[in-house]
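S.K.: For this one, chain A is given, so just place chains B, C and D on it according to the hints.
For reference, the chains in residue letters:
Protein chains: 4
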Amino acid sequence: MKISIIGASGYSGAELLNLLLGRRGIEIEKVFANSSAGKKVEEVYPFFRSRTDLTYEEYSAEKIRTSDVVFIALPSGEAMHIVPELLKTGKRVIDLGGDFRLKDASLYSRFYKRAHAAADILPKAVYGLPEWNTSAIASAHLLSNPGCYATSAILALVPVLKDNLIEATGIAVSSLSGVSGAGKNATLDYSFTELNESVRAYKVAVHQHTPEMKSVLENISRQNVSLTFVPHLIPITRGIYTTIYARPKKAFTKDEIIASFKKHYSNAPFVRFIGEAVPEIKHVNYTNFCDIGFKIDLENNLLIIMSVIDNLVKGAAGQAIQNMNIMFGMNETEGLL
Amino acid sequence: MKISIIGASGYSGAELLNLLLGRRGIEIEKVFANSSAGKKVEEVYPFFRSRTDLTYEEYSAEKIRTSDVVFIALPSGEAMHIVPELLKTGKRVIDLGGDFRLKDASLYSRFYKRAHAAADILPKAVYGLPEWNTSAIASAHLLSNPGCYATSAILALVPVLKDNLIEATGIAVSSLSGVSGAGKNATLDYSFTELNESVRAYKVAVHQHTPEMKSVLENISRQNVSLTFVPHLIPITRGIYTTIYARPKKAFTKDEIIASFKKHYSNAPFVRFIGEAVPEIKHVNYTNFCDIGFKIDLENNLLIIMSVIDNLVKGAAGQAIQNMNIMFGMNETEGLL
Amino acid sequence: MKISIIGASGYSGAELLNLLLGRRGIEIEKVFANSSAGKKVEEVYPFFRSRTDLTYEEYSAEKIRTSDVVFIALPSGEAMHIVPELLKTGKRVIDLGGDFRLKDASLYSRFYKRAHAAADILPKAVYGLPEWNTSAIASAHLLSNPGCYATSAILALVPVLKDNLIEATGIAVSSLSGVSGAGKNATLDYSFTELNESVRAYKVAVHQHTPEMKSVLENISRQNVSLTFVPHLIPITRGIYTTIYARPKKAFTKDEIIASFKKHYSNAPFVRFIGEAVPEIKHVNYTNFCDIGFKIDLENNLLIIMSVIDNLVKGAAGQAIQNMNIMFGMNETEGLL
Amino acid sequence: MKISIIGASGYSGAELLNLLLGRRGIEIEKVFANSSAGKKVEEVYPFFRSRTDLTYEEYSAEKIRTSDVVFIALPSGEAMHIVPELLKTGKRVIDLGGDFRLKDASLYSRFYKRAHAAADILPKAVYGLPEWNTSAIASAHLLSNPGCYATSAILALVPVLKDNLIEATGIAVSSLSGVSGAGKNATLDYSFTELNESVRAYKVAVHQHTPEMKSVLENISRQNVSLTFVPHLIPITRGIYTTIYARPKKAFTKDEIIASFKKHYSNAPFVRFIGEAVPEIKHVNYTNFCDIGFKIDLENNLLIIMSVIDNLVKGAAGQAIQNMNIMFGMNETEGLL
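Residue numbers (the numbering used here), protein chains in the order written: chain A, 77 to 413; chain B, 77 to 413; chain C, 77 to 413; chain D, 77 to 413.
Next comes chain A alone, as it looks inside the complex:
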């Protein structure tokens, strides 16, 4: 099986390479990165020294000849310009960016601050959350890989929303993210000195993963959902910690919560429900796992759910490979354990 990667010089692209290089049965045909065209991968990422001789090339669709699947790891706003042409070649496409996550082009333009250039193919895009969408993923031609924050929040909320345990309104999603989530950033705001030993919230209640969480949760739980999402940048490299505050729909016991998560995730190889234990980022970093725990605050009538992932693996490259495995009939966990 052959694959190519467009946008292979960013952190998600590099993580894709890291996970795919050396995997039996996978051959990498092309790695595209316009900004690094002509450079060997190991020049940009010396981490790959002696592991690959691949050289970044400037992207053009014709250069991809034998790939069965093409990963796109470009910043949001770029994939929509190349996907229509790519799909015409018959290749299956997995987009790690945000361009095909929202079905509604007007929501896209509102949250991504630009018009959508390929609104007509939005209906074709399959949202690649394997725990909830396996069969559609299996036959997808255009797969849209979920956002990192969205992955952590949706996996934590779906069971209790679907089982009608919590109110679908007034949900507060508070996330902490490592800095790699912002991609390669040559700006003062993302310099070491500005971020170290500090914390800042950003895009408070206007982050582009908010409508993604809302619409996916509505689709799966079949009800209107309203939630506020506040992401915070913290001085670590990898990892997302999401803490969710939701009001119970009725009095419930912790056993009902446990039963709900167990029912929905007993067959999900990458979701580890840990009951009333508290998850930690270090338990999932460099893996494709999502750990989910909860606490009930009886006195104040709130359910607290905590969920952690590695933003570059389950939040990006790992989940993309999990999707690829499903699309091509392989074992979902192949190359990820």
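What the hints contain is simulated information worked out from the structure, not anything from laboratory work.
Computed from a predicted model, the values in this text were never measured in an experiment.
Treat the hints with caution; some may be incorrect.
One copy or any two copies: either way a pair holds, since identical chains are not told apart in the list.
[As the list claims (entries may be wrong)] The calculated lysine-lysine pairs, modelled on DSBU-like cross-linking and capped at a C-alpha distance of 35 Å, are:
no.: 1; residue 1: K330; residue 2: K116
no.: 2; residue 1: K189; residue 2: K338
no.: 3; residue 1: K167; residue 2: K116
no.: 4; residue 1: K326; residue 2: K279
no.: 5; residue 1: K179; residue 2: K326
no.: 6; residue 1: K189; residue 2: K330
no.: 7; residue 1: K339; residue 2: K326
no.: 8; residue 1: K279; residue 2: K238
no.: 9; residue 1: K139; residue 2: K167
no.: 10; residue 1: K338; residue 2: K115
no.: 11; residue 1: K116; residue 2: K339
no.: 12; residue 1: K78; residue 2: K330
no.: 13; residue 1: K260; residue 2: K116
no.: 14; residue 1: K326; residue 2: K115
no.: 15; residue 1: K260; residue 2: K139
no.: 16; residue 1: K116; residue 2: K164
no.: 17; residue 1: K326; residue 2: K189
no.: 18; residue 1: K167; residue 2: K325
no.: 19; residue 1: K338; residue 2: K116
no.: 20; residue 1: K179; residue 2: K167
no.: 21; residue 1: K164; residue 2: K330
no.: 22; residue 1: K115; residue 2: K189
no.: 23; residue 1: K339; residue 2: K115
no.: 24; residue 1: K338; residue 2: K260
no.: 25; residue 1: K260; residue 2: K115
no.: 26; residue 1: K238; residue 2: K326
no.: 27; residue 1: K260; residue 2: K200
no.: 28; residue 1: K238; residue 2: K116
no.: 29; residue 1: K179; residue 2: K200
no.: 30; residue 1: K78; residue 2: K179
M.R.: This is chains B, C and D only, laid out in the frame that chain A set:
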């Protein structure tokens, strides 16, 4: 003016020393620390080399002769055993621990997991939040310095609760803290390797600052308040970031929020209300400031308030000195700017 | 093939597990850890949730029945008490600690501050630096895995010493280490707050890896070697950065240095000589690679060599597995790329 | 007394402001920063909220009217274009950059990679290392504040060089620096993700502080000095750790080393000689102190000296203020303790 410190070898005690050494008109009579008795301060904290010749002594009340005020910076559970005797000497006492923050001894035993040994003097203790309690502080003999998390949450919530802008129930308080907040900790859980590049929530909905927040907010806003508090440990040394999610009581505009904060804090020298800007820990670290910002999420009907402090300064030693200044009729900001 | 691990609850033991779990053809028979006996591995390291059901047991030699090789990942000073008995069972042993690295028991007692309890078997121990000792490793029954600092320094120095390019005296080895190198440490000195945002040198010129470097370099280069070694603890979790200052034996060109390294390491799969480039810890972390670069300071007549490894992989568990691969006739890189 | 700052929006400029704001008897006339002209200081550094109303202005010499002294905190290469004009106004100038540290314009062009634009005034510049140059500093009109690395290395080496205890050749200076030393850096190389959990040496043996160390040491010790300097970037915000390896000139005892340092620094208020103790960055951060310790490695005939400073205080703004104090006949420690 003379002062003594009991428990001067912990991080809050060291910060007290750092802020008081070299301040004109302040003389330090005694520094007590049973675990370091006989050692010079600079042996335990080489940071103080050449700044002081003080030596830690084993505590006994009689050794304090000329101090006008005694700071207690012991772990919670210890001050209650020595305060009754100390008060009899007529000295004014400022306790930085948790023993005198709750008026209700049964709440204390529930959240601090031990019986209160001096429940009879709880009514005498004055809660030292200078922004809301100045006149009582001025005449206090036993002053209880607020908890670090409590300081950040209470300062952020009082204006909008008092002005009836938000519902007093279902409030979610999500805090991130630097590790110095846990004090000197010779345990694996607080070792560098276990905390670095990770995050963990702890004491979810059962932290001892929860009843402190609740009771102080109820006292000041004169209504029942229910809130959930989730603290998270993040890999920084100093600083607390508190993000609060609350439901509006009625439709309000951002101008009403701004007016509320401005009205209450225009004369508070250490609260910097920054409107719809986002606070960052680095803006307040090593200072006694609390920065507070907010956002309204109209669509989801939630008010988000963010507040930051340095847990060792405004959250401990700095606030204690601010209280001392008020108690002794000095300028509130003396030695703190 | 079956393996067991003694001391499997420390960081090196956990890294061994991480590298061996799921490797085809490897079965783990027993994991011993007296301090965690009775606990599942995933209780001590939730990182392993859903990856293994192994339970730590209290160690006794008889419990190991079918293992072909036994890894010992105990703190130095413990292996010497159990290795003699283990060897009698005929099992091959790989010790990751320091007990069998020095051939001279008096050096051991001087630097490790205790008498050696099994001095008689020191001659049998094979020093497991695969790049320089392959054939002895292949037939070893007792393999002593090199120290982390020693690995980084020896790999950097051997070529130029062996080729007589530098003076064998007055060499200065300056190393920086991540905190995981100190093992699990429930002491104040290794707490987050004490190490973060700081640096400290320790065991200056008396670290126990000094005689290891010296004796191994003398053995391989067949000359007396004298070197000073200063380790520094820096606030990162993993990685060692070693910078070496050595005086040229004669005038040499950079091409001679390049030729020396290339000659000696062209067949070493885990040494990446990068010429006059500067290595960085992030390029080797989570891998078994050692990256080595150099600069000549003509004006001041010094050669500077820089070498980096991940202390838990090439500096411990990874190198131990590389040695196991060689001992059992497998490909040296099996399970490590 | 009035002061102005040119280049007040960089880290050193901000630290100057932090140290000078609120100091009795000091008034700040102007803060210049072309890139931030028109912005209030608190917009660029919210840390200063409520502490100052100053606004950055575009620089022109005529705007400075009443200042007694002008600090220049511009990147190297800019001060040389404005100092000649400034000096003509009669104002005393303290330059924190590198333009006037080397007396030899050809050395400047070699290490700073540009021609010197004001070579004719190089002879007038006084090197501002207060511990060794007090009287010249007192009467200086153009004061050149030492480099951060240079400060830590020179203070550590002068006593033993001057007292002929070590060889003046073959000295190796190995330094670790926090990232703020690189200034405000909007480049990928200085982004959080690229620096965190890693280390890299840079400008190996070609750093511009090398000729500064060499020439200052030669001037003070009156002999030729040759040294190699290797700086390493480590993931902390502030602080420099310098470890020096030098060969003894003759057999000496530790008492001779101790005597040498004590003799030279007994009256230096900001140098804390700590004998055979090991310095740590956290003991000096946010202070103007330089802590110096040493070890003798008898067996290998090397003296190891370790020295630590805060690069933004003793390595920049603090030392500049110490120099100002001396230039204007104030107590050297004024505003710095």
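S.K.: Confirm or reject each hint.
M.R.: Results of checking the hints against the structure:
| no. | hint | in the structure |
| --- | --- | --- |
| 1 | K330 / K116 | between (54 Å within a copy, 24 Å between copies) |
| 2 | K189 / K338 | between (39 Å within a copy, 33 Å between copies) |
| 3 | K167 / K116 | within (25 Å within a copy, 46 Å between copies) |
| 4 | K326 / K279 | both (32 Å within a copy, 24 Å between copies) |
| 5 | K179 / K326 | both (32 Å within a copy, 33 Å between copies) |
| 6 | K189 / K330 | between (42 Å within a copy, 23 Å between copies) |
| 7 | K339 / K326 | within (20 Å within a copy, 39 Å between copies) |
| 8 | K279 / K238 | both (28 Å within a copy, 28 Å between copies) |
| 9 | K139 / K167 | within (13 Å within a copy, 55 Å between copies) |
| 10 | K338 / K115 | between (48 Å within a copy, 23 Å between copies) |
| 11 | K116 / K339 | between (47 Å within a copy, 24 Å between copies) |
| 12 | K78 / K330 | neither (47 Å within a copy, 42 Å between copies) |
| 13 | K260 / K116 | both (18 Å within a copy, 30 Å between copies) |
| 14 | K326 / K115 | neither (59 Å within a copy, 37 Å between copies) |
| 15 | K260 / K139 | within (26 Å within a copy, 41 Å between copies) |
| 16 | K116 / K164 | within (29 Å within a copy, 52 Å between copies) |
| 17 | K326 / K189 | between (39 Å within a copy, 31 Å between copies) |
| 18 | K167 / K325 | neither (45 Å within a copy, 54 Å between copies) |
| 19 | K338 / K116 | between (46 Å within a copy, 21 Å between copies) |
| 20 | K179 / K167 | within (22 Å within a copy, 62 Å between copies) |
| 21 | K164 / K330 | neither (50 Å within a copy, 49 Å between copies) |
| 22 | K115 / K189 | both (32 Å within a copy, 27 Å between copies) |
| 23 | K339 / K115 | between (49 Å within a copy, 27 Å between copies) |
| 24 | K338 / K260 | between (38 Å within a copy, 34 Å between copies) |
| 25 | K260 / K115 | both (17 Å within a copy, 28 Å between copies) |
| 26 | K238 / K326 | both (14 Å within a copy, 30 Å between copies) |
| 27 | K260 / K200 | within (30 Å within a copy, 45 Å between copies) |
| 28 | K238 / K116 | between (48 Å within a copy, 33 Å between copies) |
| 29 | K179 / K200 | within (9 Å within a copy, 62 Å between copies) |
| 30 | K78 / K179 | within (29 Å within a copy, 52 Å between copies) |
Violated hints for the displayed structure, listed by number in ascending order: 12, 14, 18 and 21.
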